[in-house]
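Line by line, the protein sequences are chains C and W.
If you read the first sequence in this note's numbering, its first letter stands for residue 1, the second for the next number, and so on.
If you read the second sequence in this note's numbering, its first letter stands for residue 1, the second for the next number, and so on.
Calculated from the structure, these hints are not laboratory results.
Careful: at least some of the hints might be erroneous.
As the list claims (entries may be wrong) - Cβ pair distances, simulated, as ranges: (1) Gln209/W with Asn33/C: 55 to 63 Å; (2) Asn252/W with Asn20/C: 21 to 29 Å; (3) Ser245/W with Ile149/C: 31 to 39 Å; (4) Asp37/C with Gln209/W: 55 to 63 Å.
Predicted model, so just to flag it, every value in this text is computed and none were measured.
Idealized CB from N, CA, C, for every residue including glycine.
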Amino acid sequence: MIQIIDYGRGNLNNVKKAFNHFGYQAEIIDKPNSIKDASGLVLPGVGAFGDSMTCLNDQGFTDVIKSFVQSGKPLLGICLGLQLLFESSDEFGSQKGLGILKGHVTRFKTDEKVPHIGWNQIEIKKSTHLLDGILSGSYFYFVHSYYAIPEEESIISTTTDYGLSFTSAIEYKNIFATQFHPEKSQRIGLQIIKNFGEICANHSSN
Amino acid sequence: MLAKRIIPCLDINQGRVVKGVNFVNLVDAGDPLENAKFYDEEGADEIIFLDITATSDKRDMIFDIAKQVADNIYTPFTVGGGIRNVEDMRRLVKAGADKVSMNSAAVKNPEIIRQGARIFGTQCIVVAIDAKRNDKGGFNVFIKGGRENTYKDAIEWAKQVEELGAGEIMLTSMDRDGTRQGYDLELTKSISEAVHIPVIASGGVGEMQHLLEGFTLGKASAVLAASIFHFREISIKQVRDYLRSQNISVKN
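The task is simple: from the sequences and hints, build the whole structure.
Structure follows, in structure tokens:
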């Protein structure tokens, strides 16, 4: 069972349905009680950084997410869910993140329009299971004003150009994350969901 | 490179998609979900649903529509029309809308923009501006579906909504809406260059060249059209192929 963390903002039904579409069981959870039994965890992204960290803390998710990652089972962060994995963000003052990965989240400072909204291309830096069947140059849907700067470049799996080249996906051991929204990226986005479903299934059967 | 967006807009009246014929008579154009699936299949970059229901007792239908759409397509969508407060936004976002669009409510109470942005993020808040030329060479902001002139300057209002936390502006030229003569490019360019958030051009599209001009001359980040898509005169794919041939970056 893949669990999707609901911290009270958007509708996560389409993430769940996307997993179901490929025959993977998924459920949306707003309490951390059963996370340890999950085969994989999805940390989606909605709202603002600080506000979301507060919700995760209040709902008791923070430590549970960290232990889940330490157990070696797969985690997928989406959009803000990628950013929350890092140590800190500039959004609305300085905010502390989960600190699972080393690095900082900062706002676009470019002549381009911000938020970065729409379909943009990825350039694959290292081929990973999450990106199986996906080519450099593919378009995914983005909607964000901030981006992560990982301390370790080796965790970057794709980059995207928007006035500058920023990290659009990462992979480190059992941690996977995308700045774009696979669940909003039509057919190609579903491929990512399918790949993550497989990663979870393979991990469980090992 | 960020692709320029092509966005079909669906007008919803009492739970059904409607098409204006001769700009007044509303003709039923089917089920919102079926239309949404059609555009999802066609690979539209986003979809906008505008609730034009006049009677408040039928307004709740839009929440059900947002939920059905979110559960069935993997294309980002915006819902606008009739949003009065943060609670309405919350219901739409919870139902599955990626963005909410406001017009009259934002003019009457600009703080609603700031409140919405703080809770749902700026990327979620779209302000719709209906603008009409005045006799001094400027543009006035209209509300209540174009029935009421606020005498606000459209460019100043655009800057103000950005300041308050809007993530995007959906800009409709009332002079051009329904004319099929193309966007008001002067209006579009003025607003696009006055703000740092994306502007969606709307109002007046009759042919593909108008969409191109929205990008090249109007400097818009996205182009919206209704009738050319609904009447199936032109497909999203045709538009994309045409724009690509004109060196506009579009999604493949």
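Determine which of the earlier numbered hints do not hold for this structure and return their numbers in increasing order. none
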